[in-house]
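Colleague: Counting from 0, one number per residue, gives the positions in the sequence shown under numbering that gives the first Met the number 0.
Derived from the structure by calculation, the hints contain no laboratory data. Treat the hints with care, as some may be off.
Below, computed lysine-lysine pairings styled on DSS-like, alpha-carbon distance capped at 30 Å [to be verified]:
no. : residue 1 : residue 2
1   : 98        : 87
2   : 87        : 127
3   : 87        : 33
4   : 200       : 127
5   : 127       : 33
6   : 29        : 127
7   : 127       : 161
8   : 161       : 98
9   : 98        : 29
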Amino acid sequence: MNGVFSANEYLTRSNLMKAYLFPEYDTPIKHGSKVAVVGGGNVALDSARTALRLGADEVSIVYRRSREEMPARAEEVAHALEEGVTIKFLTLPVRLLGKDGWVAGMECLEMELGEPDESGRRRPVPIKGSEFELDADLVVMAIGTRANPLLAATLPGLQRDKRGYIDADPVTGQTSIREVFAGGDIVTGSATVIEAMGAGKRSAAAIHRLLTGEQAPI
């Protein structure tokens, strides 16, 4: 498993490689004793709960705002807390601390909420002199996704929006390149698997119609 993967990709690839049957299948999964997950979305909660199930002794989510601003679903937060995940609200990671080439901890700052920013959420403001160190031997970054920059280099005719995501027809998924269809997060931004599946089904019908001229049921 060379390269860099998002948390979702990592878990998906691990599942396909039967990592849950370790040691019968020698899929490389990094196990941590004290795990820190940076982020406040559903992927951060998934990563934290997965780390616990893989045998971590302590798992902490580090999030720079309060619970009210946290984008994760309320039920995801509740389930994580039930499983034993600790959530450090109003905490900002500043830098990773290393020892012998491995992560040994994370320096953090305590925050307080100021005025709302452009997202409508109250802006986190650092509290001077509040630095502290969080022990961790594994850190998972779950702070959002962005479009792969290779899109622009390999498909110059593919129209994209200001975020770098593919501009596609909301019904058919057809892009500015007639034979290229797109759906899921690369079109909508971070969303759900169900929405991506729906986009795939609609695009499949549109592709069928493009290739055969026949109307396919959606």
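Colleague: Does each hint fit the structure? Answer for all of them.
Modeller: Right, here's what the structure says about each hint:
1. For a cut-off of 30 Å, the pair hint linking residue 98 to residue 87 stands: about 24 Å separates their Cα positions.
2. Between the alpha carbons of residue 87 and residue 127 the distance comes to roughly 18 Å, so the proposed pair stays at or under 30 Å and holds.
3. Straight-line distance between C-alpha atoms of residue 87 and residue 33 comes to about 14 Å, which keeps the hinted pair within the 30 Å bound.
4. Proximity of residue 200 to residue 127 is assessed by CA-CA distance (about 52 Å); at most 30 Å being required, the pair is judged violated.
5. With a CA separation close to 27 Å, the supplied pair residue 127 and residue 33 stays within the 30 Å bound.
6. As the CA atoms of residue 29 and residue 127 are separated by approximately 35 Å, the hinted pair breaks the 30 Å bound.
7. In summary, the hint linking residue 127 to residue 161 is not supported, as the alpha carbons are separated by about 35 Å, beyond the 30 Å threshold.
8. This hinted pair does not check out: residue 161 and residue 98 have alpha carbons roughly 40 Å apart, beyond 30 Å.
9. Straight-line distance between C-alpha atoms of residue 98 and residue 29 comes to about 17 Å, which keeps the hinted pair within the 30 Å bound.
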